[in-house]
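Asks: As you go down the protein sequences, you meet chains A and B in turn.
Residue numbering for the first sequence follows this note's numbering, beginning at 1 and increasing consecutively.
Residue numbering for the second sequence follows this note's numbering, beginning at 1 and increasing consecutively.
No lab work stands behind these hints, which were simulated from the structure alone.
Honestly, I wouldn't trust all of these hints.
A few chain A residues that face chain B, going by a derived Cβ cut-off under 10 Å, partial list only [what the hints assert, rightly or not]: (1) Lys83; (2) Arg166; (3) His183; (4) Val222; (5) His224.
Pair ranges (Cβ atoms, derived) [to be verified]: (6) Ile82/B / Met121/A: 21 to 31 Å; (7) Ile63/B / Trp101/A: 27 to 37 Å; (8) Gly212/A / Lys81/B: 33 to 43 Å; (9) Val168/A / Asn42/B: 53 to 63 Å; (10) Val21/B / Asn105/A: 31 to 41 Å.
On a predicted model such as this, the values are computed, not experimentally measured, just so you know.
For every residue, glycine included, the Cβ atom is placed at its ideal position computed from N, Cα and C.
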Amino acid sequence: MSGILNSSIGRKFAMALSALFLMVFLVMHVSINFTSVFSEELFNDLSHFMGTNPLVQGLMQPILIVGVIFHFVMGFVLEAKNKASRGVKYASNSAKDNSTWMSRNMLLTGIVVLAFLFLHMYDFWVHEMTVKYIEGDMSGLKDPNIAESGFRYYEELRAKFVDPWRVVFYSVCFVLLALHLLHGFNSSFQSIGANNKYVKGLKGFSKVYSIGIPALFIFIAVYHHFTH
Amino acid sequence: MMNLTLKIWRQKDANDKGQIVDYPISNISPDMSFLEMLDVLNQELIEKGEQPVAFDHDCREGICGTCSLYINGRAHGPQTKITACQLHMRSFKDGDTIYIEPWRAKAFPVIKDLIVDRTAFDRIQQAGGFISVNTSGNTQDANAIPIEKENADKAFDAATCIGCGACVATCKNSSAMLFVSAKVSQFALLPQGQVEATDRVLNMVKQMDEEGFGNCTNTGACEVECPKGISLENIARMNREHIKATLV
Ligand code: SF4
Ligand code: FES
């Protein structure tokens, strides 16, 4: 097990595992967000559970953070190594004839997703961490002193999507996430060595996933913007 | 008959910086092979007292893997599933400009003009691309070991790799995974290959990494440009073999 990252295949395998993990996380995240479209109460309850459950906060959140950081750092490391292995560039290169734009631009789409993550962390995560762990308010209530004031999550979510520019930026980023996933989904299965007749059946599903998940995120943002 | 402009990479030796040089060429028949067209050019250069363009070739029938030309941005030219020596001038039109460059990869340094040093592939082969059998006179009949048809066919397909290096040349990461995976797979699929399977995949991948080839990101360009149609499934198989060998 030790030294797995020393080989090109080991690095590829680790990259794919972190990708698969993040793709499962995306499903969970969008499912919870989507409840905000039809039930304020359910969204508030789920948010409070995720935000205060010790297993989620103490175990899953750190794993997620490590997974995200690993995936990005490794992405940059691999790109740098790969650039260095070419040397002199071709005067004429017709890459579009043998590979998709998505597969050749994972770094570009990845960087946009990373930029989005910074804004996202600033918007929600930093705020959550400050309220809960610095100010020490674990109640999740609009007014921590009044139990009847109700949970704050739903209103905070809607407040973020008032600004049209934020909604536009979110949407653009999710389109790039879709492009990233359109290559990344199948690529991660290939990397872990799963390429046979069963996995080939996943190709159709991969398109549904890669376009569907980002589309849902965009829908949620746009919905709250226009119904506010 | 066609008149063309060739833009060819000229480089005196490994230390020279090299550059693209333009060569107009006329009266090219569409029935000529691409390499014959280069022969015509070289004859003209020799008659003018200039250095002919150095390029690799041997069998000129798509079986040796020696020819290695990056033509108009594609490994082995615009057609798929053929080598540069199997390409004909009928794939081009009168008045075309044709770029001809060597394979580009740090692990394949240019020796002269369009010829690159592909001994990195030899060293990878030597690291594990073989089986150890007793050949001292009591060799067993190969057919004595029954092998299921599906695996025999897959092993044969993998073994058709001619080691040309088009996969490396075309890969945006200069990765040698398709070549190495073909060499690993042709044995991994057969009972004779099992004995050394673990060492083989570990040693060949280690050598591949040491030679400075890049990391595969599954763009699939290699499979498209491979003259022998070596499948990406081989890379997945090698990944499995390697993960198994590392973790188990
Ligand atoms: S895998 Fe295909 S492209 Fe690569 S060396 Fe073998 S024959 Fe050439
Ligand atoms: S010269 Fe032998 S394959 Fe082209």
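Asks: Please go over all the hints and tell whether each is borne out by the structure.
Replies: Here is what the structure says about each hint:
1. Lys83: Given a least distance of 8 Å, the restraint on Lys83/A holds.
2. Arg166: violated (32 Å)
3. His183: holds (8 Å)
4. Val222: Since the shortest Cβ distance to chain B is 33 Å, the answer is violated.
5. His224: The hint is violated - His224/A has no Cβ within 10 Å of chain B, the shortest such distance being about 36 Å.
6. Ile82/B / Met121/A: 21 to 31 Å: Cβ of Ile82/B to Cβ of Met121/A: about 51 Å, so the range 21 to 31 Å is violated.
7. Ile63/B / Trp101/A: 27 to 37 Å: holds (35 Å)
8. Gly212/A / Lys81/B: 33 to 43 Å: holds (35 Å)
9. Val168/A / Asn42/B: 53 to 63 Å: holds (59 Å)
10. Val21/B / Asn105/A: 31 to 41 Å: About 32 Å separates the Cβ atoms of Val21/B and Asn105/A, which means 31 to 41 Å holds.
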